[in-house]
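There are 2 protein chains.
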Amino acid sequence: MSLSSSLISELQQICGENGVMTSEVDRQNYSYDAAVLEPTIPAAVVRPNSKESIGKVISLCNDSGTPVTVRGAGTNLSGGTIPNKNGIVLLTNRMNRIIELNETDMYVRVEPGVVTADLAAQVAAKGLFYPPDPGSQAVSTIGGNVAENAGGLRGFKYGVTKDYVMAVEFFDALGRKVTSGSKTVKCVTGYNLAGLMTASEGTLGVFSEITLKLIPPPAASKAMMAVYDSVETATQTVAAIIADRIVPCTLEFMDNFTINAVEDFANVGLPRDAKALLLIEVDGHPAQVAEDGERIEQICKKLGARAIQVARNDAEKDKVWEARRAALSALARLKPTLVLEDATVPRSQIPAMVSAIEKLALKYDIPIGTFGHAGDGNLHPTLLTDRRDVAHWERVENCVADLFDAALSLGGTLSGEHGIGIAKAGFMKNEVGQSSIDFCRTMKAAIDPNNILNPGKIIGQ
Amino acid sequence: MSLSSSLISELQQICGENGVMTSEVDRQNYSYDAAVLEPTIPAAVVRPNSKESIGKVISLCNDSGTPVTVRGAGTNLSGGTIPNKNGIVLLTNRMNRIIELNETDMYVRVEPGVVTADLAAQVAAKGLFYPPDPGSQAVSTIGGNVAENAGGLRGFKYGVTKDYVMAVEFFDALGRKVTSGSKTVKCVTGYNLAGLMTASEGTLGVFSEITLKLIPPPAASKAMMAVYDSVETATQTVAAIIADRIVPCTLEFMDNFTINAVEDFANVGLPRDAKALLLIEVDGHPAQVAEDGERIEQICKKLGARAIQVARNDAEKDKVWEARRAALSALARLKPTLVLEDATVPRSQIPAMVSAIEKLALKYDIPIGTFGHAGDGNLHPTLLTDRRDVAHWERVENCVADLFDAALSLGGTLSGEHGIGIAKAGFMKNEVGQSSIDFCRTMKAAIDPNNILNPGKIIGQ
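Protein chains in written order, with full-length UniProt numbering: chain V, 1 to 461; chain L, 1 to 461.
Do not take every clue at face value.
Identical copies look the same in the list; a pair holds intra-copy or inter-copy alike.
[Stated by the list, open to error] Only pairs whose alpha carbons sit at most 20 Å apart, straight line, appear in this in silico DMTMM-like list of lysine to aspartate or glutamate:
hint : residue 1 : residue 2
1    : K157      : E103
2    : K213      : D163
3    : K177      : D438
4    : K56       : D438
5    : K335      : E38
6    : K56       : D26
7    : K335      : E397
8    : K302      : D244
9    : K177      : D389
10   : K213      : D244
11   : K429      : D405
In short, the hints are calculated from the structure, not lab data.
Put together the whole structure using the sequences plus the hints.
Encoded structure:
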């Protein structure tokens, strides 16, 4: 810890004594996030409890050149919330109120620390729907979701977090309050800072309020599981469903390795011998659901699904999604270290990407469980390793680099939903080129002249 | 004209002799746009015909401190394409190719000068759908649509241009090529510059390529016209439809003044004595369309519609929308000067906003025809005047300022879809506050250090 005692004292004046944590154990707790990266112990953890106090904390940090890493639940997978040496972590968990839930105009205004699942539940209780459902929704926060532009299982039909951000209010590096966007569904007043701030990983400002679009919920839904004896036919089914212009709300893939990990972990009755599963849900008007469900069943059969199980009720449907949501935890048990990737390709390239992943698993001799949002071209190849095994870890790093190359060569992108953070900053150039990075560095340097807002993330130092 | 002959010669080397226009008449032609503002005659009009030439033109302008105003069709309504003195207009109309229309992955890559309606038609011919339909779509360009974040009639259900921008490639003020976004439906690789560039009105860069999302078209649709003897019941119907969680693709309003202007102009058979009309279209699965249509009819009746005419075929449907699309031209005939506003409110505030417009028309004794996207809270009160009549014009300016105040006091915004440009730059502060403008000015100054990219727009000088 190396903040001056006067700075600590000023932070305490702003946030209260309970709002500033400086003990060794507290600082250790906030030194890492869900990414497999070296932790960095912050100098203090600060918990503002009002908009104004966010601005004051940032001003203080700017004046003293103290790095600030804003953190919701720390569930991001790219090191976006790993703090800087001598920096503070600005925790948003005391700012967790729903400010306004407007049923008539279908929007909700929230503080950044609201938990995603809590928000979704409160919105659902009013007969409305907030679709984005990142895997970490039970603990993740809206502020973090917007900062990372979080995705989830429903992206295929409903899009991702950015598609629901109507307006933002944030404090910039100088502690000034900035607003962008509106409670109106159309707004072109000024630069689209709401767009810019989405996915900016805490490097351009700290959210104090976010306005999200809500929509009417679908009237009906239908879930099914298609079982395959071949990975290839499963992935071809994904491409065929999309080519047939059907828009499921969810279209998930799970390979044999993942199926068995899930069964070992949760024992939900998945077919252990299947080479691959597709988990599919359609929603909307009941007639649309019935027709789409029927068409999808036909496509699955035609392309060689060995069995298709349609959930007959909510309990069976929940079981399907419980299995899918258990995938990460199930794989995580198998080895000391798990690297969850999310390089993403155009949807039609899913068969090629799965094939590339299989080849890399063999080439580097690394167990890889692959599951994820096949309908979005957004798979999660999950590498199992032990970071303490230097040789194995080096193979993992090389394998991941090859995975990125494979995705880019298929017209894809480094990250579909996990962000760049520290983990992928070094690879950015391969996708967007140096001049794009230079443009962003120029912008960041002007907005944050002392480089205090989450320095080193996305565009490097 | 005050560009040096050596600069003109260099521009000719880049764009060819036909690519640089310097005659008085050509420069006059590009001195104004669709906004009611003083024209400014540019020093030259330049038409690059390749990506590389865009970059070279900008570099040249940056080195010589020459302002560049990029222009598609100049249909924007806020002065965003009025050039600067001693500056050039960079016309995109030679860059009008569709680079790739990918049916499988449902995206299209275009050059910025592609005409919106041409794109929509080519997309439709492949069985896909590009929803944004700004009023000027017959001539407007995609580059302009993205630069303005153009809206249109289908915003209620399908959103606006920004909801379809997957990726952009642009040249920045230094002539560097910058890319952001992906052909994948999920992408969080780097700052969301695709979001930032949308609605930036040519002030941060010049597009060289844009990737747009396409969707499957709706299977069915149904259009109807509801006729009202009272403005109030018409606007209450809008609120009731939304409150009932129905999502029409289009929900348009037209007042008596506009109805009669349209009849005088196009003679399409609208009821001249109606106080207001709602023009409504629902689309989607046939069963959904039938049910939504039925529910809307019931709501219209319940709230006092005197008649409801459902289009029985495409010809009748086309007639309804022809009438709506004629509104602006019809009103434009009546007086020498037409001021088309687009201050926007949350949907539920439409009755209050229409009432506020009526009061202002009386207060300032100005004829105002009101029509527009009621379902988006995005009305177009259209003030008829003669700019040469100094006293009347002053009343118009005061009335417009009051209109903005009314929208803001109802929780709305200065502009739903027309942009800020020069016309509304002075009002920005009332909505977003000075610190938000300062933030944007800092960003712009860093990205465009010589202030050559469309200076003066959005955030003033």
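Each hint, compared with the structure:
In this assembly of identical chains, the alpha carbons of K157 and E103 lie at most 20 Å apart only when taken from different copies (17 Å versus 22 Å within one copy). Taking identical chains as interchangeable, the C-alpha atoms of K213 and D163 lie at most 20 Å apart whether they share a chain (8 Å) or sit on different chains (13 Å). In the homo-oligomer, the alpha carbons of K177 and D438 lie at most 20 Å apart only across protomers (10 Å), although the nearest pairing inside one protomer, at 26 Å, exceeds that limit. For the homomeric pair K56 and D438, the shortest alpha-carbon distance between copies (18 Å) is at most 20 Å, but the shortest distance inside one copy (30 Å) is not.
Taking the shortest alpha-carbon separations for K335 and E38, only the intra-copy value of 18 Å comes in at or below 20 Å, while the best inter-copy value is 70 Å. In this assembly of identical chains, the alpha carbons of K56 and D26 never lie at most 20 Å apart, being 22 Å within a copy and 54 Å across copies at closest. Proximity of K335 and E397 under a CA criterion of 20 Å is satisfied intra-copy only: 16 Å inside one chain copy versus 70 Å between copies. In this homomeric assembly, K302 and D244 come within 20 Å of each other (Cα to Cα) only inside a single copy, at 13 Å, whereas the closest approach across copies is 41 Å.
Proximity of K177 to D389 under the C-alpha cut-off of 20 Å is found in neither arrangement, the shortest distances being 47 Å within a copy and 42 Å between copies. Only between protomers do K213 and D244 lie at most 20 Å apart by alpha-carbon distance; the minimum there is 17 Å, versus 29 Å within a single protomer. For a Cα distance limit of 20 Å, the shortest separation of K429 from D405 inside one copy, 12 Å, qualifies, whereas the shortest one across copies, 46 Å, does not.
Hints 6 and 9, counting from the list given before, are not met by this structure.
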